[in-house]
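From just these sequences and the hints, can you work out the full model?
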Amino acid sequence: MNEFNLNQIRFFKSFIIFALVTLAISLIIMNSSSQKFRVSEIEHSMENQLAMESLNLLYGKSIWFIDENSFDQIYEDNPDIKNLNITKRLPNKLIISFDLYQQLANIIDLRASVETYTVLYENSYVVSTPTIVNTLPIVKIENGPVESGFNGELISLFKTLDNYQYTKQSLQIKYDGEAFNAYYGKTTFQLGEAVDLGKKASILGTYLSDNSCDGTVRFLTSVSTIEDCT
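Those letters in the sequence shown? Residues 9 to 238, by my numbering.
Quick caveat, the hints were computed from the structure, so don't treat them as lab data. A virtual CB, placed ideally from N, CA and C, is assigned to each residue, including glycine. One or more of the hints may lead you astray.
As the list claims (entries may be wrong) - Derived Cβ-Cβ restraints for the label pairs, each shown as a range:
{"#": "1", "residue 1": "I24", "residue 2": "N64", "range": "39 to 47 Å"}
{"#": "2", "residue 1": "D236", "residue 2": "Q173", "range": "20 to 28 Å"}
{"#": "3", "residue 1": "P153", "residue 2": "Q180", "range": "17 to 25 Å"}
{"#": "4", "residue 1": "Q81", "residue 2": "D236", "range": "52 to 60 Å"}
{"#": "5", "residue 1": "G160", "residue 2": "G223", "range": "49 to 57 Å"}
Claimed, not checked - No more than 20 Å apart at the CA atoms, straight line, and that leaves these computed lysine to aspartate or glutamate pairs for EDC-like:
{"#": "6", "residue 1": "K176", "residue 2": "D222"}
{"#": "7", "residue 1": "K167", "residue 2": "E201"}
{"#": "8", "residue 1": "K176", "residue 2": "E130"}
{"#": "9", "residue 1": "K194", "residue 2": "E235"}
As structure tokens, this is what we get:
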């Protein structure tokens with residue numbers, strides 16, 4: 009095969025590649041600008057649980073350009089969203105599912121003349137509520153001040169307790185400004201200061217799951233206790 013024929017083959021291959029790329033770009037431009045492929049329907053399952061107003065901004069946008077970055081405002085409006093999953097049902101429908109951060113505990117603040125209720129999430133997000141969530145443990149703050157890192161210690165405590173079987177709504181913890189006392193069934197746990205609560209929870213969780221002590225358990229350190237059980 010002579011040089012002329014080789015050049016013709018190379019030119020033909022280059023032309024085919026150029027034509028295919030041009031066709032692909034043209035199709036993308038046509039689809040992205042087509043009214044047929046613009047979002048007109050959004051389906052999700054969090055109608056009354058999350059602030060969804062910013063979803064309205066997606067209507068009329070090309071479905072091809074919708075991605076995770078399109079939901080920045082949703083994340084900002086709802087700090088309890090861990091992540092979301094987007095399914096595109098062509099030509100114009102979005103299906104969105106949400107994974108939420110775990111609710112860990114009710115926090116009742118008794119230090120003011122009117123007690124306040126909040127829910128603590130695993131990502132440190134705290135939201136005010138009109139009443140308690142019946143399925144969660146209760147933490148009562150009876151006195152203060154509350155030091156920085158207080159919520160972080162509570163998160164460590166409850167995330168560790170997730171490894172144990174116990175009735176969450178039956179656990180009540182009180183903080184008097186200096187130390188924690190936990191109450192479960194007929195047992196009082198004197199947890200001490202708000203330090204190393206994650207380590208203490210490893211021992212506490214064993215007691216809660218066994219539920220074999222009626223009396224008092226006092227923590228001497230984060231890993232040792234003395235019992236007065238009947």
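A quick look at each hint next to the structure:
1. I24 - N64: 39 to 47 Å: The hint (39 to 47 Å, Cβ to Cβ) holds, given that I24 and N64 are roughly 45 Å apart.
2. D236 - Q173: 20 to 28 Å: holds, 24 Å
3. P153 - Q180: 17 to 25 Å: holds, 21 Å
4. Q81 - D236: 52 to 60 Å: Hint holds: Cβ distance 55 Å, inside 52 to 60 Å.
5. G160 - G223: 49 to 57 Å: violated, 30 Å
6. K176 - D222: holds, 18 Å
7. K167 - E201: holds, 18 Å
8. K176 - E130: Given pair K176, E130 holds - Cα atoms ~15 Å apart, limit 20 Å.
9. K194 - E235: holds, 13 Å
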